[in-house]
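Undergrad: If you read the sequences in order, they're chains Y and U. Each step along the first sequence adds one to the number in my numbering, with nothing skipped, and position 54 is 86. Each step along the second sequence adds one to the number in my numbering, with nothing skipped, and position 56 is 1417.
Incorrect hints may appear among the rest.
[Unchecked claim] Pairs of lysine to aspartate or glutamate residues, derived as EDC-like cross-links and limited to a Cα-Cα distance of at most 16 Å, are as follows:
# : chain 1 : residue 1 : chain 2 : residue 2
1 : Y       : Lys40     : U       : Asp1493
2 : Y       : Lys40     : U       : Glu1382
3 : Y       : Lys34     : U       : Asp1397
4 : Y       : Lys34     : U       : Asp1440
5 : U       : Lys1408   : U       : Asp1446
6 : U       : Lys1408   : U       : Asp1440
7 : Y       : Lys34     : Y       : Asp115
[Claimed, not checked] If you want the ones that stay clear, here's a sample from chain Y, every Cβ over 10 Å from chain U, calculated:
#  : residue
8  : Gly44
9  : Ala49
10 : Val64
11 : Asp69
12 : Arg84
13 : Asp94
14 : Ser103
15 : Ala124
Since the hints were made in silico from the structure, they are not lab data. Glycine included, each C-beta is placed from N, C-alpha and C at the ideal position.
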Amino acid sequence: MKIAIGGKGGSGKTTIAGTLARVLAARGLRVVALDDDSNPNLALTVGVPPGRAAALPVLPRDMLEERTDGSGQSWLELTIPTDAFIDRYGIAAADNLTLLVMGQPSHGGSG
Amino acid sequence: MRGVLRGLIAETSRVAIVDLEAGLEHLSRGTSRHVDTLLVVGEPYFKSLETAHRSFQLARDLGIPRIRMIANKVRTPRDEETVRDFAGRHGLDLAVIVPYDQSVTEADERGTALIEHRPDAPSVTAIRRLADQLLQPAA
Chain Y
33 MKIAIGGKGG SGKTTIAGTL ARVLAARGLR VVALDDDSNP NLALTVGVPP GRAAALPVLP
93 RDMLEERTDG SGQSWLELTI PTDAFIDRYG IAAADNLTLL VMGQPSHGGS G
Chain U
1362 MRGVLRGLIA ETSRVAIVDL EAGLEHLSRG TSRHVDTLLV VGEPYFKSLE TAHRSFQLAR
1422 DLGIPRIRMI ANKVRTPRDE ETVRDFAGRH GLDLAVIVPY DQSVTEADER GTALIEHRPD
1482 APSVTAIRRL ADQLLQPAA
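Excised from the complex, chain U in its bound form (with noise of 0.2 Å):
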């Protein structure tokens, strides 16, 4: 039943945004060869880095034809510059880091969606650079 509903993803003339699983290492060709772009959400300490890393290797396995990395909860410029690193050295594409926002953790209690609690929050803003760069037509 999932299968035929990640054949929505194709299918639909609407933009699609999945929301994946937990754990890339769920990513088959099931969901994947349905999609062009994936983005990877690692944070700024080593673990969520090498975690990463593995995904960005099995998607390009896969053949997904974009891959892009998102820094998330990024809260010190050493946090910024072990990120830079870290993807410079892998080559990983870093779209877009998003910083540490407690705004995120105020919706979330409030059971409120985040762009409606803080439209203009730190984590927001950040995110819509990110439509910003997929708006664009690829280099």
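Pulled out of the complex, with its shape left as it was, chain Y reads as follows (with noise of 0.2 Å):
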């Protein structure tokens, strides 16, 4: 199940979103909060406080790999496996649930 939630600032989208993901996480399932708007609060509403809720680190080089298909595109993927990455770089929140914050906007690099 993987789910997106959007809406316009100010639509309590953060809260929908924090507080599914708690629900689901509360019945047993394994989940991932993503935050993907640089908004602190979905932090705040899955029960992290904010203080700990930095986003990602730049990653070092060797974690990333550069991939061309025939077409010449190109893009990076991860070299260690998805889910060793969200246990590390993730943070735990109640009910085994783990938020991951994406947003860079101070140092991030192109997509």
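Make the complex out of the two chains shown on their own, each in a separate frame, by following the hints.
TA: Printed below as a string of structure tokens:
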């Protein structure tokens, strides 16, 4: 189950996203809540104090590998398994829920 | 970099809940190709509902398999009627109506998670119903 929640700023989407994540986690599902909005409120809504919800650090170069397909399109991939990455960089919240803050507005690389 | 992280959504064995950047105009193949469900939050006034409608159109164009609407901050029966009428006329799949709830503001002011502040708040109860629906196999 991969669910995105969207809406205008102020619509309450972050509260709904975080609370939904908590409700699903409380039912025993392993849930990762991803903050694509650089909005610290998701952390608050899942119960992570804002001070603990720092965005991901710049990843070490050896954790990323550039791949290229036949048409010359290239992209970066993680060199470690996805779930290991989430365990390492995610922030643990209640009910076995993990928060991952994707926004890196100040030092994010491109795409 | 964000592209790499968005790739996690599809690859993780966990259930993924993604709080998207505000404004669905940012919705691109980048995130959308990794999700199976988009929940569009709208409020019961015309401009918000129009925005939600445009989000549905965009999400359909992007090929997201399941797109549903959440009506939030619904205060009155008239609000509810406005939402149901709009959703019906435009073919928007209305998943749940979340009532306007002072607990949301209270939790925010106290810096607490809503679900911890008041686990039985009307808004939380509505979100539990939403979870029930999401956990049912697609009809």
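Undergrad: Each hint: holds or not?
TA: Taking the hints in turn, this is what the structure says about them:
no. : hint                  : in the structure
1   : Y/Lys40 x U/Asp1493   : 25 Å, violated
2   : Y/Lys40 x U/Glu1382   : 9 Å, holds
3   : Y/Lys34 x U/Asp1397   : 5 Å, holds
4   : Y/Lys34 x U/Asp1440   : 30 Å, violated
5   : U/Lys1408 x U/Asp1446 : 14 Å, holds
6   : U/Lys1408 x U/Asp1440 : 13 Å, holds
7   : Y/Lys34 x Y/Asp115    : 15 Å, holds
8   : Gly44                 : 4 Å, violated
9   : Ala49                 : 4 Å, violated
10  : Val64                 : 4 Å, violated
11  : Asp69                 : 5 Å, violated
12  : Arg84                 : 13 Å, holds
13  : Asp94                 : 14 Å, holds
14  : Ser103                : 16 Å, holds
15  : Ala124                : 13 Å, holds
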